[in-house]
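These protein sequences, in sequence, are chains G and W.
Here the numbering used here is used: position 173 in the first sequence is 173, and no number is missing along the way.
Going from the second sequence to the numbering used here is simple: count from 1 and add 1000.
By construction, these hints were calculated from the structure, which means they are not laboratory data.
Wrong hints could be hidden among the right ones.
[To be verified] To give an idea of the interface, some chain G residues facing chain W are shown, with a C-beta separation under 7 Å as derived from the structure:
hint, residue
1, F56
2, A57
3, I58
4, N60
5, G61
6, Y84
7, A85
8, Y317
9, T319
10, F327
11, Y328
12, L329
13, R330
Beta carbons: idealized from backbone N, C-alpha and C, even for Gly.
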Amino acid sequence: MSVATRRFFPEGPSGGVRRELKRGTQFGDGAPPFVNERAPIRVGIVGAGKMGLSHFAIANGLPGASVVAVCDTSRYVRSVLRKYAGVQTYGEADEIVTDAQVDCLIVATPTSTHFAVAKQALQRGLHVFVEKPLTLSPAESRSLADLALERKRINQVGFHNRFIGTFQEARRLIRAGALGTPSNVHGSAFGQVVVKEQSSTWRSKKSEGGGCLHDYACHVVNLMDFLVGSPARVSGARMQRIFSTDVEDAVSAVFDYGTMTGILETNWSDDTVRKMSTTVTVHGSQGKLVVDRQELKLFLRDGCAFESYAEGWTSRYITELQKPVPFYLRGEEYSAQLEAFFQAIRTGDMGHENSFASSYETDRVLDLIKRADSLVN
Amino acid sequence: MSEEKARQQLIRFKDSRAILEVLDLAYDLGIRTFMCTTHDRIGEVADQMRAHPNRYQDFIYFPCMPYAHKYANSVSQVGIIETIQRFSTGGVLSTLFRGAMGALTRDIYALMKLLVDAEMKRFDGLRTPVIFVQNVVTDLLLGMKLYPVFAQFDRYIRERYQAEAGFITMNLPLLLEVLEEVGVENPIVCANINKIGFRMCGGVDAYRQALRTRKCRAIAMSVLASGAIPPREAIEWVCGLEGLHSIVFGASSAGNIRQTQELIERFWGPRSAPATLPATAAS
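Next comes chain G alone, as it looks inside the complex (with noise of 0.2 Å):
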């Protein structure tokens, strides 16, 4: 069976190229030293909340790495972090960016400062990961990237389901043709976070980066760009208001991606889940597929059984293919991302997954949904 790949992954935006590098390009001659393959990786954290802390767990819990500084604004915050956890700690991103003896950041901040903090860490000489989305703007995302491959750095972005077995077999299997060509994709997530009207934090403001499009649709979008390759235009979207008066709590969107159409479609405040749940599904000539972080479903039409895929439907789980993590804290793909960039890190292997390039993809069809909506409003 063949499959024309080509024609439903798309080379790039609007006939950009797309700057991801294949797995394993090394940095090449005259790149900047790596950190020494016998020391623990020297980790900063800037933005010690949910995330941050979360981070900093997993990567200290990580062998072969280690947590030597920390930022955060918050004076209370880093006395507690500077006397019982033992680290470094800095009040501004400046600070820990020159002054801090790290060979990496992550950067777990509100949205809006991504590009100041990873701009200037990567001016440094450092290897940045990024929390989800990257940046509010495109064209600051892909300035991020080209300063990225200039100076030779690693650079990752926390779009963390990229690294769930259930994701990546359903990527494995629509690259390979088990579903012919696909017709159809359909992403959604919905979630619990706003089920009040609210506007505390930075993200029910959306100047910092908040609301339901960057910071829960972004997932989606990103994993169906995993899935099935990012969409040449949006042909229609809305942002809706349910609760928060500054920021969308529900985004919906059609996307065009030459053979094949897209609908996104999130909530951010709906309390029959208790927890995001994600869920794509692609329908293609040979079957159909459906895949959330739990369960893998495929069906195969009569005739087009695939490897061990039968004709009909088979579930396949995420105890089954999830590979294993060094250290677990909430769910191995946060594990295994930071083991990637670690990896990468000590490899220089460029071609790593969700670089600030690929990133740039899903900060561009946010763009367009944005731009779509302001057409109806």
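Please arrange chain W on chain G, whose structure you already have, making use of the hints.
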């Protein structure tokens, strides 16, 4: 477990009466220990138990704290400081009354005590011989290398509640090493332990080795690995492990409680349950 099944259970157990029904089934089958998170609905279950002391006189709770989603959502919504104020016993006014908030919370041991007391309030008057820390907190502390907190928690639970501390983890070999290092002797630990090594960091062999060589009272959870292993095969394997002390299993119907109980008794044989850790516990 699929997301759909998780949704169905969420709907079913939205009402605390449904939880009580399952507890009644387990109780009537001779199971006396209930391991539970400190979710708000557990407060309602505890109210029922207090209201019917004769019916539930032998019932033992193993509270697992904190109910992490509550804190995580709050930290996302209002930040760390306000979350502490929100959940400390009696709220912020009593906390301020007891001492300067800043000075108090800069001592993380004092903060830990405040939060433990807040979580334990709903279990007033009930038997809680073991009080567990949820894996998301145990493993956060483990990763951040805040090891002395384990010893402080252990001491506080003994002194304040005349109970024993328990630690749930996904990183058992590492945790046992650290607990020994900070002087928590013969700890009660609870971890995923299953034939396929699902969420067993370090791998099955490292777990076998740790259980064999470290002095601890280990409880196996996720024995069926979210349904990936058939019950008989799963329980036969886990009952064959040297050094395992107890098994905790999820229960939703009389049929599956009875089946699991029979399998454990078949493969473990009749054994006298230790005083504080029955051979089976329903969660």
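Here is how each hint holds up against the structure:
no. : hint : result
1   : F56  : holds (6 Å)
2   : A57  : holds (3 Å)
3   : I58  : holds (6 Å)
4   : N60  : holds (5 Å)
5   : G61  : holds (4 Å)
6   : Y84  : holds (6 Å)
7   : A85  : holds (5 Å)
8   : Y317 : holds (6 Å)
9   : T319 : holds (4 Å)
10  : F327 : holds (6 Å)
11  : Y328 : holds (4 Å)
12  : L329 : holds (5 Å)
13  : R330 : holds (6 Å)
The structure agrees with every numbered hint stated previously.
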